[in-house]
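> These are the residues of each chain, in order.
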Amino acid sequence: MPSSRRAFLGTAATLLLAGCSSDVLGLRRSVRVAVSWSGQELRAFHDVLAGLGTLSYPVEVVPLGDDISTAFGARSARRPDILMLPQPGLVPRHLQDLDPMPDDIAPLGRARLWKDLLVHDGTTYGVPFKTAHKSAVWYRPSVFRQVGVQPPTHWAEWLTLNRTLSQAGFTPLSLAAGDGWVLTDFLENVLLGIAPPVYTALAAATSPRPSQQPQFGAALRLLGQLWSAPGLLAGGVKTSLVQQFPDALVEVFGHRKAAMVLASDFAEPVVRSFAADPHDIGLFTFPRMSAGAAAPVVVGGDVMVLTRPTSDNARDLVRRLAAPNAADPWISAGGFLVDGRTSGYSPELTRLAEQLTEPGEQLQFDLSDRLGRLGDINGLWRVLADFLIAVGGRGADAVPDAVDAAMDDLRKLEEG
Amino acid sequence: MGLQTNGLSLEVVGREVTGRPVQGKPRRPAGPYLLGLPALLLSCLLLVPIGVTVARAFTTRGGFGFGNFAVIGDPAALHAVGNSLLWVLVAFGTVVVGFFLALLSNRLPAVSAVLQPALVIPFAVSVLASGATFRMMFDATPERGTITALWTRLFGSSPVWLGPGLFWLVLMSAFGWTWLGYVMSLFRAGLDAIPDDVTRTLTAEGVKGWKRLRALEIPLLRPITGVVTLTLVIAAVRVFDLVLIVVPGSMQQSADVLGLNWWRATTSSGDTGRTAALGVVLFAIVAAVGLIGVRGLRRRRWAMPVTVVRQDPSLGRPKPGRVVRRLGWFIGFAVAVVWIFPALVLVATALHSPREAGLRGWWSPSGLGFSSFAAAANVGLFRALLSTLFIAAAATAVLLVIAVPTAYLVAWGGLPTRLGRIVMGVFVVLAVTPVQMYAAPLRDAIDSAGLAGSRVALALVHAAAGLPFAVLLLRSAFASAPPALVSEALQGPVRQSAVLATVQRTYRPALVAVAVLEFALVWNDFIVGFLISGPGTTPLSLVLWGEARQFSTSSGPVAAAATVASVVPVVLMLSFWRTVVRGLTTGSRP
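In order, the protein sequence lines correspond to chains A and B. Be aware that the first sequence starts at 12, since it is given in this note's numbering, and climbs by one per residue. Be aware that the second sequence starts at 5, since it is given in this note's numbering, and climbs by one per residue.
There may be inaccurate statements among the hints.
[Stated by the list, open to error] For the chain A half of the interface with chain B, some residues (derived, Cβ under 8 Å), not all of them:
#, residue
1, L53
2, G76
3, D77
4, L252
5, Q255
6, D258
7, V261
8, N389
[Stated by the list, open to error] Label pairs and their calculated CB-CB ranges:
#, chain 1, residue 1, chain 2, residue 2, range
9, A, G406, B, F345, 38 to 44 Å
10, B, G429, A, L63, 52 to 58 Å
11, B, G67, A, S41, 41 to 47 Å
[To be verified] Output of the computed footprint for chain B on chain A, the stretches with three or more beta carbons under 8 Å from beta carbons of chain B:
#, region
12, 182-194
13, 241-250
14, 262-274
15, 279-292
Keep in mind the hints are simulated off the structure, nothing from the lab. Here a beta-carbon is modelled for each residue, glycine too, at the ideal position from N, C-alpha and C.
I would like the entire structure built from these sequences, with the hints used as guidance.
Here you go:
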């Protein structure tokens with residue numbers, strides 16, 4: 012025993028010595044990049060970093076998930092140097108924590124939609140890294156063929172389609188209500204579809220009060236129509252509430268328990284890797300709310316910002332990541348859109364990318380990201396989860412009371 | 005020497021000194037105090053930040069006051085306090101269950117042979133790993149979740165285990181799985197130490213069953229109960245990473261505990277006063293529970309109180325009958341299988357490809373292979389393992405070097421009684437102090453010293469955090485030294501080295517226990533590294549934190565990372581468990 016223990020200790024010591032490069036000791040100042048990505052997205056980002064070639068400084072990726080805004084809270088030097096903010100709406104509220112972007116890439120932050128969020132007093136505080144199309148619905152064409160229906164082109168058609176599917180014995184929808192942003196995406200699409208000016212006004216307001224907008228209530232009522240249909244949700248409301256967005260995708264494409272799922276472009280790699288049949292994948296964009304209206308397109312994305320005080324290394328990394336070809340490894344893995352670019356994607360994503368660049372579309376930036384505290388996990392996310400519990404599967408009769416309750420909750424949040 | 009009177013011849017024989025030798029003030033050379041200096045310096049890493057936190061908590065804009073404590077009136081914080089108290093109940097429940105398991109294994113001796121290793125493994129595995137395992141088992145989808153699949157097969161449909169209310173069951177299962185082995189082992193050691201003749205006498209007098217339990221076992225085990233309850237309650241109040249991993253985002257708010265609430269408050273607001281107040285409240289709860297728990301220990305002047313005398317094997321109990329043995333073996337085997345099951349789920353999940361692990365449960369025959377391990381390695385698992393190995397080894401080494409002389413000083417270094425009590429009191433309070441009490445100022449201090457991200461700094465913080473417990477444990481080992489030896493040692497510095505020399509032989513169990521527990525603790529740590537250096541410091545937190553947002557579709561890599569990270573602590577614990585238990589229930593007489 013002593014000899015084997017000695018051998019063990021010896022091996023451990025050798026390993027330690029081998030591993031004790033200053034890197035492992037954490038003595039070299041690395042550039043820390045905080046991201047909200049996880050799973051395949053995170054691995055794809057590691058591929059992007061690997062594709063940048065050899066850098067003269069170590070890079071550390073810090074996955075923070077939905078708690079990424081906590082990166083602002085730390086006043087410490089351990090704060091990440093670069094944040095990949097999935098809520099660009101946070102930029103205007105944290106200007107004092109941010110350093111401007113290097114001049115050579117600053118124009119990237121002045122693109123349409125992004126400008127309002129990223130440019131202040133002529134200074135650019137962030138540039139988009141990744142654009143998200145949040146008005147996409149993935150579905151299984153085989154089910155639609157079996158029932159003999161087409162993807163809906165406007166809202167009423169969607170409601171009818173759901174009924175038809177239910178009657179034919181298919182569960183229409185899988186909902187990832189465990190991720191609050193899936194619920195807000197749903198509502199934002201409806202609101203943008205019926206009342207673009209209200210949407211814009213709320214997004215621009217310094218202290219938004221959605222509860223005072225009748226159209227906000229109207230959007231909730233419409234959403235209630237969809238969600239309240241009995242048998243709509245795979246697994247019912249309870250399962251939906253603990254379901255994260257990849258789970259919902261697996262329910263549709265892996266376990267074939269539902270026909271459709273509302274999920275952004277970045278769902279693509281999950282859809283493809285978990286699909287039971289790789290040819291049974293379809294995509295339609297959120298239908299118009301009425302026959303004449305423009306189709307709503309809610310845009311999201313991850314923007315790169317530099318925390319203050321920044322370093323030359325961090326600036327260098329941002330520059331490299333903003334280069335046109337930097338994201339190529341991720342684009343080829345799927346589920347990645349670059350602002351303004353329409354080529355190089357899969358057919359599904361190409362359609363989304365084209366819709367994002369077409370003039371005349373009803374494009375707006377994600378509302379919940381711009382509502383501040385109101386739009387986050389304890390705000391609109393919570394209200395919509397309660398709303399779903401109140402209406403889910405209970406039929407149209409449950410909707411009016413639930414809308415009133417939700418508007419009351421919002422009022423309380425606005426006052427609190 | 006002899007006396008002779010009236011034809012009687014009296015022989016006078018010296019008697020060995022058996023108690024602490026003389027009342028009164030011995031001469032106290034200053035030398036031994038130096039032994040405590042390193043510990044004092046190391047403890048400042050905690051003491052100063054704690055002071056800063058307390059000061060911040062009581063500093064309001066208008067000067068000193070309780071203004072910051074209004075934060076507790078906040079419904080969310082109140083809810084978190086309630087949940088934390090609920091966790092204390094869970095801890096008590098675990099102690100009771102563990103006690104009865106120990107009783108069972110004591111009455112049916114064959115049980116423990118199979119049961120012991122099965123119970124030790126969960127204790128060695130980190131909270132993150134066990135949390136992840138239970139979340140996988142209770143997944144709402146019958147294709148993936150073991151329990152859900154089983155329930156659906158039996159009853160047609162299954163409740164949503166991770167949904168409202170029921171997530172408590174999952175949390176409690178994970179907590180119990182981790183701790184029952186520890187509770188049971190300690191109680192079992194205590195029960196085994198009860199001399200058989202006492203038991204037999206009581207039985208002969210007709211004291212049986214519950215009566216015997218009340219009259220004999222419970223009072224005799226009081227000191228062990230104290231230690232166990234203390235450990236468990238502290239673990240329960242400190243619950244942090246378990247909730248982060250097990251509870252899905254939408255339920256996080258209802259599962260909020262004080263530690264988490266503090267963390268979210270520090271990260272979402274810049275108001276240091278309010279968050280400091282939250283930390284102080286958390287600390288007050290732990291300290292109150294700790295002090296109640298320690299009351300039993302106090303009689304022995306803060307020592308870990310338990311003395312386990314190994315029985316003379318020739319006086320063993322009569323062998324139980326064949327039926328009892330068979331029954332014991334059967335029950336032991338059954339419990340062991342149930343107990344080891346989550347670990348099997350983890351390993352089996354890790355052995356599936358990420359796709360198959362995300363689609364189907366561990367029992368699926370398709371997609372077997374090592375690709376999940378490759379996926380976990382892709383996000384930097386190996387580098388994180390190396391740095392964890394470094395941090396854990398460094399922290400353990402520093403701890404041992406500093407704790408041993410300190411414990412010697414406190415036990416036999418001749419500190420004035422009052423000072424000794426104060427020192428031990430400070431150590432008890434430090435041992436129960438939650439990380440939240442010192443994390444924020446400490447992190448700021450490390451940053452301003454330019455050591456941000458330094459693994460050396462983190463190892464020192466770990467050593468400082470582990471020091472109080474190590475000193476308490478070692479002190480009682482020293483305190484149980486043969487009095488003759490000690491009385492010699494007190495006579496002069498020359499003899500002190502003799503006492504130290506016997507440490508190697510006599511107090512090894514306590515030393516091993518301290519080393520093994522500290523290493524495993526640091527290896528498995530999430531919260532200290534997370535709060536002081538940020539996420540990504542340890543292998544599991546790196547991978548799990550990264551994957552948790554898409555938990556079920558990442559089951560494969562998560563399970564692979566958890567498996568790899570668990571190998572070292574499990575092997576360590578399994579090989580040293582007997583010694584660790586002897587060290588914990590210390591006073592192991594030579």
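> Run every hint past the structure and note whether it holds.
Each hint, compared with the structure:
1. L53: OK, holds: L53 of chain A within 8 Å of chain B, min 5 Å.
2. G76: Cβ of G76 of chain A sits 4 Å from chain B, so the hint holds.
3. D77: With a minimum Cβ separation of about 6 Å from chain B (threshold 8 Å), the hint on D77 of chain A holds.
4. L252: holds, 5 Å
5. Q255: holds, 6 Å
6. D258: Because about 5 Å separates D258 of chain A from the closest Cβ in chain B, which is inside the 8 Å limit, the hint holds.
7. V261: holds, 6 Å
8. N389: holds, 7 Å
9. A:G406 <-> B:F345: 38 to 44 Å: holds, 42 Å
10. B:G429 <-> A:L63: 52 to 58 Å: holds, 55 Å
11. B:G67 <-> A:S41: 41 to 47 Å: Hint holds: Cβ distance 42 Å, inside 41 to 47 Å.
12. 182-194: Since 4 is at least three, the answer is holds.
13. 241-250: holds (count 3)
14. 262-274: holds (count 3)
15. 279-292: Holds, because 3 residues of the region 279-292 of chain A bring their Cβ atoms closer than 8 Å to Cβ atoms of chain B.
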